[in-house]
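J.: Chains as they are written, first to last, in my numbering: chain A, 1 to 109; chain B, 1 to 112.
In case anyone wonders, no lab produced these hints; they're calculated from the structure. Wrong hints could be hidden among the right ones.
[What the hints assert, rightly or not] Okay, the calculated beta carbon distance ranges per label pair: (1) Pro70(B) with Ser52(A): 30 to 36 Å; (2) Glu8(A) with Ala80(B): 50 to 56 Å; (3) Gly93(A) with Gln17(B): 31 to 37 Å; (4) Glu80(A) with Gly28(B): 28 to 34 Å.
[Said to hold, decoys possible] If we take Cβ atoms under 7 Å as the criterion, some of the chain B residues that face chain A in the derived model are: (5) Gly16; (6) Gln17; (7) Asn30; (8) Ala38; (9) Gln41; (10) Glu53; (11) Phe60; (12) Ala80; (13) Thr95; (14) His99; (15) Phe103; (16) Pro105.
[Stated by the list, open to error] A short list of chain A residues far from chain B (calculated; beta carbon distances all over 12 Å): (17) Phe14; (18) Val19; (19) Arg43; (20) Ser52; (21) Gly58; (22) Thr60; (23) His71; (24) Phe76; (25) Gln78; (26) Ala83; (27) Met84; (28) Leu97; (29) Phe99; (30) Lys101.
Just so you know, even glycine gets a beta-carbon here, dropped at the ideal spot from N, CA and C.
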Amino acid sequence: AQRVTQPEKLLSVFKGAPVELKCNYSYSGSPELFWYVQYSRQRLQLLLRHISRESIKGFTADLNKGETSFHLKKPFAQEEDSAMYYCALSRGGADGLTFGKGTHLIIQP
Amino acid sequence: ETGVTQSPTHLIKTRGQQVTLRCSSQSGHNTVSWYQQALGQGPQFIFQYYREEENGRGNFPPRFSGLQFPNYSSELNVNALELDDSALYLCASSTVGGHEQFFGPGTRLTVL
């Protein structure tokens, strides 16, 4: 069965510092990987997905199949980045998303 | 464009009771998925509905069941409630084969 691991429950960095939220997955096939974000009092929403290879709000994530990782990075953190971040995997089809437990990112002023 | 809506926002039930949660999908979306999010955990996939039929299911017992209606709205039914069913229940809609799921605000279920 597939699994997504986010090793950090909480990550606190200062504004302007680089941010890296870690995500590792286990799946024998070719998964689709996503990062979802939940800002305070808002619903869960898609931040980015690996197939689009785009940068959203300054965040990027590269799929490393050798290390089975999909870490989320941003070179300069902003206070509005404070939120709950979930890494998710899809096997495609009707299997739904498999989520990690999430990382609470706090950007200190 | 109307987003995903869920009702009710909160509800409290006692062990052994049955509950029905409702979801209206985003305009233009024909696929609905349900997730359970326990406190401190990520969402867990319950099942997905397309064309009024369940076409994918996670590791949940049969007392979790659902429906999808011709207008693509959906219900999640849970029978014989257990204390561990206390969680936030999220509904997400998408187009078939779509890569992005759009989530509703959730229904907070407390089982006493």
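J.: Honestly, which of those hints from before does the structure not fit?
T.: Hints 2, 5, 6, 7, 8, 10, 11, 12, 13, 19, 20, 27, 28, 29 and 30 contradicted; others consistent.
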